[in-house]
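Could you put the whole structure together from the sequences, leaning on the hints where they help?
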Amino acid sequence: MSWIALRMLTGDRSKYLGLIFGVTFATLLMTQQVSIFMGILARTGNQILDVRDADIWVMDNRVRYLDEAPGLQDIDLMRVRGVPGVAWAVRTYRGVVRARLEDGNTRNVRLSGLDDESLVGAPQEMIAGSMDDLNRPDAVIIDRAGYEYMWGPPAASSSQGGDNGGYQLGRTFQLNDKRAVLVGVCKVAQPFFSDPIIYTRYSQAAFYVPRERNLMNYILVKAQDGVDQKELCGRIEERTGRVALTGRQFFWKTVSYFLSSTGIPVNFGITIALGFIVGAAVTGQTLYLFIVESLKQFGALKAMGIPNRGILWMIVLQAVLVGGIGYGMGVGLTAVFFITTGNITHLAGLHMTWVALLGTGAAVVVIVIATSVISARRVLTLEPAVVFRG
Amino acid sequence: MAPSMLAIRETFASLVADGVPHNPRHESSQAADDSPLTAHHSQLANTAVSCKGVTKEFGANGTKTLALRGVDVDVSDGQLTLLVGPSGCGKTTLISIVAGLLNPTEGSVEVLGADLAKLSGRGLVEFRAKNIGFVFQQYNLLPALSAAENAAVPLIINGWPRKKAFAKARAMLATVGLSHRADNFPSQLSGGEQQRVAIARALINEPRLLVCDEPTSALDAKSGHTVMELIKQVAVQPGRAVIVVTHDSRVFEFGDRIVEMSDGRISSDQANVAA
Numbered sequence: 005m006s007w008i009a010l011r012m013l014t015g016d017r018s019k020y021l022g023l024i025f026g027v028t029f030a031t032l033l034m035t036q037q038v039s040i041f042m043g044i045l046a047r048t049g050n051q052i053l054d055v056r057d058a059d060i061w062v063m064d065n066r067v068r069y070l071d072e073a074p075g076l077q078d079i080d081l082m083r084v085r086g087v088p089g090v091a092w093a094v095r096t097y098r099g100v101v102r103a104r105l106e107d108g109n110t111r112n113v114r115l116s117g118l119d120d121e122s123l124v125g126a127p128q129e130m131i132a133g134s135m136d137d138l139n140r141p142d143a144v145i146i147d148r149a150g151y152e153y154m155w156g157p158p159a160a161s162s163s164q165g166g167d168n169g170g171y172q173l174g175r176t177f178q179l180n181d182k183r184a185v186l187v188g189v190c191k192v193a194q195p196f197f198s199d200p201i202i203y204t205r206y207s208q209a210a211f212y213v214p215r216e217r218n219l220m221n222y223i224l225v226k227a228q229d230g231v232d233q234k235e236l237c238g239r240i241e242e243r244t245g246r247v248a249l250t251g252r253q254f255f256w257k258t259v260s261y262f263l264s265s266t267g268i269p270v271n272f273g274i275t276i277a278l279g280f281i282v283g284a285a286v287t288g289q290t291l292y293l294f295i296v297e298s299l300k301q302f303g304a305l306k307a308m309g310i311p312n313r314g315i316l317w318m319i320v321l322q323a324v325l326v327g328g329i330g331y332g333m334g335v336g337l338t339a340v341f342f343i344t345t346g347n348i349t350h351l352a353g354l355h356m357t358w359v360a361l362l363g364t365g366a367a368v369v370v371i372v373i374a375t376s377v378i379s380a381r382r383v384l385t386l387e388p389a390v391v392f393r394g
Numbered sequence: 027m028a029p030s031m032l033a034i035r036e037t038f039a040s041l042v043a044d045g046v047p048h049n050p051r052h053e054s055s056q057a058a059d060d061s062p063l064t065a066h067h068s069q070l071a072n073t074a075v076s077c078k079g080v081t082k083e084f085g086a087n088g089t090k091t092l093a094l095r096g097v098d099v100d101v102s103d104g105q106l107t108l109l110v111g112p113s114g115c116g117k118t119t120l121i122s123i124v125a126g127l128l129n130p131t132e133g134s135v136e137v138l139g140a141d142l143a144k145l146s147g148r149g150l151v152e153f154r155a156k157n158i159g160f161v162f163q164q165y166n167l168l169p170a171l172s173a174a175e176n177a178a179v180p181l182i183i184n185g186w187p188r189k190k191a192f193a194k195a196r197a198m199l200a201t202v203g204l205s206h207r208a209d210n211f212p213s214q215l216s217g218g219e220q221q222r223v224a225i226a227r228a229l230i231n232e233p234r235l236l237v238c239d240e241p242t243s244a245l246d247a248k249s250g251h252t253v254m255e256l257i258k259q260v261a262v263q264p265g266r267a268v269i270v271v272t273h274d275s276r277v278f279e280f281g282d283r284i285v286e287m288s289d290g291r292i293s294s295d296q297a298n299v300a301a
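Protein sequences, first through last, are from chains A and B. Note that the numbering used here gives residue 140 to position 136 of the first sequence, counting from 1, and the numbers run on in steps of one. Note that the numbering used here gives residue 99 to position 73 of the second sequence, counting from 1, and the numbers run on in steps of one.
Honestly, I wouldn't trust all of these hints.
Each computed DMTMM-like pair below joins lysine to aspartate or glutamate, with the alpha-carbon atoms no more than 25 Å apart [stated by the list, open to error]:
1. 248(B) to 282(B)
2. 189(B) to 16(A)
3. 300(A) to 282(B)
4. 78(B) to 387(A)
5. 300(A) to 83(B)
6. 144(B) to 83(B)
7. 90(B) to 152(B)
8. 90(B) to 387(A)
9. 226(A) to 64(A)
10. 156(B) to 387(A)
11. 90(B) to 289(B)
Just so you know, these hints were derived from the structure itself, not from any lab. None of these values were measured; they are calculated from a predicted model.
Written out as C-alpha cells, the structure is:
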C-alpha cells in the first residue's frame, strides 16, 4: 500500500511539486524569519554577552536596557567591593558620543570605557593592532563593522601580511572635539544598532564624554570561586541598594525591553504567521485537491479491499513525505541564505537557530496533520460504491 | 488488436498450470471436468450469489427513494449473467449490494456461501479483496501506474511481493493481449486497452465473483465487442460467477443468462439461447 501511495503522489509531477513547493516556501519563510528575529533580538544584548571576564553587572535601579544607564556614584564601587563573595569589581562606562571624521562627517558611536588597569570588558578578538596599544595616548579600538561604517571596507591585504589586514591604523578623528587615534580593530558580536563600538580606557573615556557629575554607569563584578552568582547579586543589591544582575539576566532584561517596547516582535510575528498561513493554505489546498481528484481511485482501492486504515496510512504517508521533503528543502534554502550572507558585515552573526528549526518543524507537522485529517475525511467517509457511478 | 480466442485460452491455460493460486471450488470443478476452459456451460454450476427480498432505500424521511423493491435473484457460477435494464432501474444498486459495497435496507444476500450481513466491516473488506473482482465503467486505473503495475494492484493489496506480483500481472496482460503495452501508462492507452487492463486487474486475484459495471458503455462497438469476448472467454470459468451490468443491447449475445430489471424489481430472468 505504501508503494501505491507513493506512486500516486509522485505520478502527478505538477501537483507533487506544488505540494513540496508549498511546504518548502512555508519552511523557508518561517525558519528564516524566526532566525533573523532571534538574531536581531540577540543583537540588542550582544554587548553584554561579549563581556566574558566579569560575572555580574551592577547598575542604577532605573536601567531598562544596556544603552540607557544613569551614572553611579564612586561610593557604589567601594560598597560593591566590600560585599562578601566579590573577587573584584571595576568601573566601566557605556554611552553614546559623537565622532567627527577627518573629512568633517560625523557619526554617533557607542563608547566603552574600560577599567584602566584591568581592561575588563575588552573585546576578546583583535583583527588588527593589539589591546596593549590602548595604553597609548588618545588610543581607541573600533569594531570591524564600525570601521567600515566610518571609513569604508579595508584596503586589499598584501600577501606578505604585516599591513593589518588592510585596516589603516593610526587614523585620527575627534570624539566630542577631543583627539582620538585608532590603534586597533576588533571583532565583536554584531550590535543591534549600526553605530560603531569604540573601546578606550576609562580615564580616556572621561576625557571624551561631555562632563557629567557621575561618569561610571556600570560596575563589573567577578564572583569568588564557589560563590553562587545569583546569591551574590542578592547580597550586592541588599548592601548597595543598586540592581545587580548576572550577564545572562541583564541580557534577557535588555531583550525583554526591546520585545515589549518596539514593533519588532509584531512585524516579525506577522511575517512568520503569514509564512505559516500561506504555507498551510498552499499545502492544504493542493493536498486536498489532490485527494479529491483521486476520490474515484481511492474508491476503487477501497472496493478492491484496502481498508480505511490502509487508506488513512496512504494519505498520511503522502502528507508526511511531502512535509519531510518540503521541510528539508526549506531548511536547506535557509541554510544557503545564511551561508551566502554570512560575509556581509551587517548580516554577520545571523544564523539558523535550533529554536527556529524545531518551531518550524512543529509548524510543518501541524500543517501536515491538519491537511491529512481534512483530506482523509473525504476519503474515509467515501462509499466504495461510488466507483459504480459513472 | 484483439487476440484470437485460441491464443487467449492457451495463455490462460498456461497461467493456471503455472501455479497461480487456486481456490478449492476451482479445483473441485476442474477435477470434475477435464476441459475447464470450456466449462462455462458446465452442468456442475453452483449458486454463487443468492439475493432474497433485497430492498434498498436511499435518503431519509421525506426524501426517501426506493431503489430496490424486494429483489429475489440467484446467480450461478460458470455463467455470464447479464443484468440489464434502463437507467435508474436499480442495476448498479443491486451489484453494489452483491459486491458488499452497500448494505441492503431489508433482505439477505449470500455470496459464495457467506452471508454478507454477518461479516464484520473488516471481514467484508477482506472478503472482497479475496473473492471479488471489479471492472468499472470508467476503468478507474491509477494514472501514475503502468498497465502492469495497475494489473498487479490487487495482489499487492493482498500482500504479494511486488516482483512476483508484476510478473503475474505481465502474464495476465498477455492473456488479455496487452503484453506489448505492459509498461505504458493509462493515458497512453485507448479506452478499449484500458478496459482490458482493468479486466486483467480484476482477474489477477482469481476471484470467484467478477462484477462488471457497464464495461462497454465508454467504448466504441469494436472495442466493446473485444472486451465482452475477453470477459466471456477468459473470465467465465467453472467456480466463478460473472455479473455484467449493461444497457448496451449490442453485448446481450454474450450473456448465458439475462436478468432484466425495471423500477427496482426483476422483470424477467431467462437463459440466453443465442449465447
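Evaluation of the provided hints:
A distance of roughly 21 Å separates the Cα atoms of residue 248(B) and residue 282(B); the hinted pair therefore holds under the 25 Å criterion. A C-alpha spacing of about 23 Å is found between residue 189(B) and residue 16(A), which places the hinted pair at or below 25 Å, so the restraint holds. Pair hint residue 300(A) plus residue 282(B) does not hold up; C-alpha atoms about 31 Å apart against a cutoff of 25 Å. Straight-line distance between C-alpha atoms of residue 78(B) and residue 387(A) comes to about 23 Å, which keeps the hinted pair within the 25 Å bound.
Among the hinted pairs, residue 300(A) with residue 83(B) is consistent with the structure: their alpha-carbon atoms are about 23 Å apart, no more than 25 Å. Restraint check: the Cα-Cα separation between residue 144(B) and residue 83(B) comes to about 20 Å, which is no more than 25 Å; the hinted pair holds. Our distance criterion of 25 Å between C-alpha atoms is broken by residue 90(B) and residue 152(B), whose separation comes to about 31 Å. For the proposed pair residue 90(B) and residue 387(A), the alpha carbon gap of about 18 Å is at most 25 Å, so the pair holds.
Between the alpha carbons of residue 226(A) and residue 64(A) the distance comes to roughly 18 Å, so the proposed pair stays at or under 25 Å and holds. In summary, the hint linking residue 156(B) to residue 387(A) is supported, as the alpha carbons are separated by about 19 Å, within the 25 Å threshold. Taking the CA atoms of residue 90(B) and residue 289(B), the gap is near 15 Å; set against the 25 Å cutoff, the hint holds.
Of the numbered hints listed earlier, those contradicted by the structure are 3, 7.
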